[in-house]
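Read top to bottom, the protein sequences are chains S and P.
Numbering (the numbering used here) for the first sequence: 2 to 115.
Numbering (the numbering used here) for the second sequence: 5 to 117.
Watch out, some of these pointers could steer you wrong.
What the hints assert, rightly or not - Okay, the calculated beta carbon distance ranges per label pair: (1) GLU2/S <-> SER44/P: 17 to 27 angstroms; (2) SER81/S <-> ASP82/P: 45 to 55 angstroms; (3) PRO18/P <-> THR113/S: 29 to 39 angstroms; (4) LYS72/S <-> ASP82/P: 25 to 35 angstroms; (5) LYS66/S <-> ARG81/P: 39 to 49 angstroms; (6) GLN5/P <-> THR113/S: 27 to 37 angstroms.
Stated by the list, open to error - To be clear about the criterion: a stretch of chain P counts as covered by chain S if any three or more of its residues have a C-beta under 8 angstroms from a C-beta of chain S, and this derived list gives those stretches: (7) 42 to 48; (8) 110 to 116.
If you're looking for bench data, these hints aren't it; they were derived computationally from the structure.
Idealized CB from N, CA, C, for every residue including glycine.
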Amino acid sequence: EAQVTQNPRYLITVTGKKLTVTCSQNMNHEYMSWYRQDPGLGLRQIYYSMNVEVTDKGDVPEGYKVSRKEKRNFPLILESPSPNQTSLYFCASSPRERRAYEQYFGPGTRLTVT
Amino acid sequence: QKEVEQDPGPLSVPEGAIVSLNCTYSNSAFQYFMWYRQYSRKGPELLMYTYSSGNKEDGRFTAQVDKSSKYISLFIRDSQPSDSATYLCAMSSGGTSYGKLTFGQGTILTVHP
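Here chain P stands alone, though its shape is the one from the complex (with noise of 0.2 angstroms):
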C-alpha cells in the first residue's frame, strides 16, 4: 500500500464548477500537507500548504486537513480554464525528516469553457 493515494482522475469540469481533490495516506506521522500545481511540460509549483490539521484559504483555493481521517482536500472555486493542470499532493512529517518528501500519483484536471 501506497504512502500517499490519490485518485489519478482525469477529472474534467465546466467552467465556474467547485472542484475537490483529494488524497489520503497511512504515515501518522506527517504533519506538513502541501498542495502542488503543475501544467504541462513543467516543474510542479507550490500552491498552498498546511501544518498540521484545519482549514486554509487563499482566494478561490483551500486546503482542508483531517489528521484523524488521514484525508486531505483542496477545493477550488469557480474553477477557470487556467486551473487545468495536474494536482499533486505531497506530506512531511518534519522532525528529523523535514527534508522527506512524500507525494501522491496526481489528478489530471481539465477545466472546459
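So that you can see chain S by itself, here it is in the shape it has in the complex (with noise of 0.2 angstroms):
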C-alpha cells in the first residue's frame, strides 16, 4: 500500500530531551516536507525537501532540523524540545517539487513537551 508514515504517533517528553520524529514513504517521491498544526493557526510548514541532500526552510524552521541522506526517508529533529513546540506534526510527500501541490500525508505525531 502506498503510504507515508511517521512515527511515534505520539509522544510525551520533557523540555531539552532530544527527540526525533521519523517520516517514510514508499512511493519514491522525491519531494518530502514537515508541518505542524496548531489550533487557529493552520499547518504552517517546518522544512522541506526537494530531494535527497537538498533542504530548505518553510516558514517556522527554528528549533529544527533535519536531514534527507535517503529518498524515501526525511526524519525531523528537535535538539532541545521546549513547551512551545507541543503541536501535532504532519510529514507528507509528493513526487517532485513542482507537483508539490499534490502531496500524501501522513497520519500525524501528536507530541506534548512538558
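With the hints as a guide, bring the two chains together.
What follows is the structure, encoded as C-alpha cells:
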C-alpha cells in the first residue's frame, strides 16, 4: 500500500531532551515536507526537501533540524524541545517539487513537551 | 497580517445545501491554489488544485480563483454528511518556490442529516 508513515504517533517528553520523529514514504517521491498544526494557526511548513541532500526552510524552521540522506526517509529532529513545540506534526510527500501542490500526508505525530 | 486568511467557522449546514468556503491572500506571487480536506484524527488529503485564475469542477466540487481580488473559493453542491471535515486552502508561488506551501487556518464544516 502506498503510504507515508510516521513514528511515533504519540510522544510525551520533557524540555531539553533531544528527540527524532521519523517519516518514511514508499512511493519513490522526490519531495518531502514537515508541517505543524496548531489550533487557530492551521498548518505551517517547517522544512521541505526537493530531493536527497537538498532541503530548505519553510515558515517556522526555528528549533528544528532535518536531514535527507535517503530518498524514502525525512526525519525531523528537535535538539532541545521546548513547550512551545507542543503540536501535531505531519510529514508529507509529493512525486517531485513541481507537483508539490499534490501532497500525500502521513497520519500525524502528536507531541507534548512538558 | 497572515499571508492567507480563512474563516475558521465552524460552519453547520443541512444535508443537500450548497456550501461556500473562501480564502483571501496577500501575496500576488501565488500561482497554485489548492484545497485539502482533513477528517478528524487524519492527515489532510488533496481535493483539488488550480493553476492561476479560473474555475475547475470535479463532481460536486468547484474551485474558483480570482487573482485580481486575491480570493479563492470552494463550492460543494448537494452536501453530504460525509463532507463533514476541516477544509484547508493552500497556495504556492511556483518558480523557485514550488515546494513552499502556505496554508489557511482551515474551516470546520459539519453537514447534518
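Each hint, compared with the structure:
Distance hint check: the CB atoms of GLU2/S and SER44/P are about 22 angstroms apart, consistent with the given range 17 to 27 angstroms. Checked against the hint of 45 to 55 angstroms, the pair SER81/S and ASP82/P passes, with Cβ atoms roughly 51 angstroms apart. Checked against the given bound of 29 to 39 angstroms, the beta carbons of PRO18/P and THR113/S, roughly 38 angstroms apart, stay inside it. Look at LYS72/S against ASP82/P: about 42 angstroms separates their beta carbons, and that is not inside 25 to 35 angstroms.
For the pair LYS66/S and ARG81/P, the supplied restraint of 39 to 49 angstroms holds, since their beta-carbon distance comes to about 45 angstroms. The supplied range of 27 to 37 angstroms is met by GLN5/P and THR113/S, whose beta-carbon atoms lie about 30 angstroms from each other. Counting residues of the region 42 to 48 of chain P whose C-beta lies closer than 8 angstroms to any C-beta of chain S gives 4; at least three are required, and the coverage claim holds. Closer than 8 angstroms: that is the beta-carbon criterion, and the region 110 to 116 of chain P has 1 residues meeting it against chain S, so the requirement of 3 is violated.
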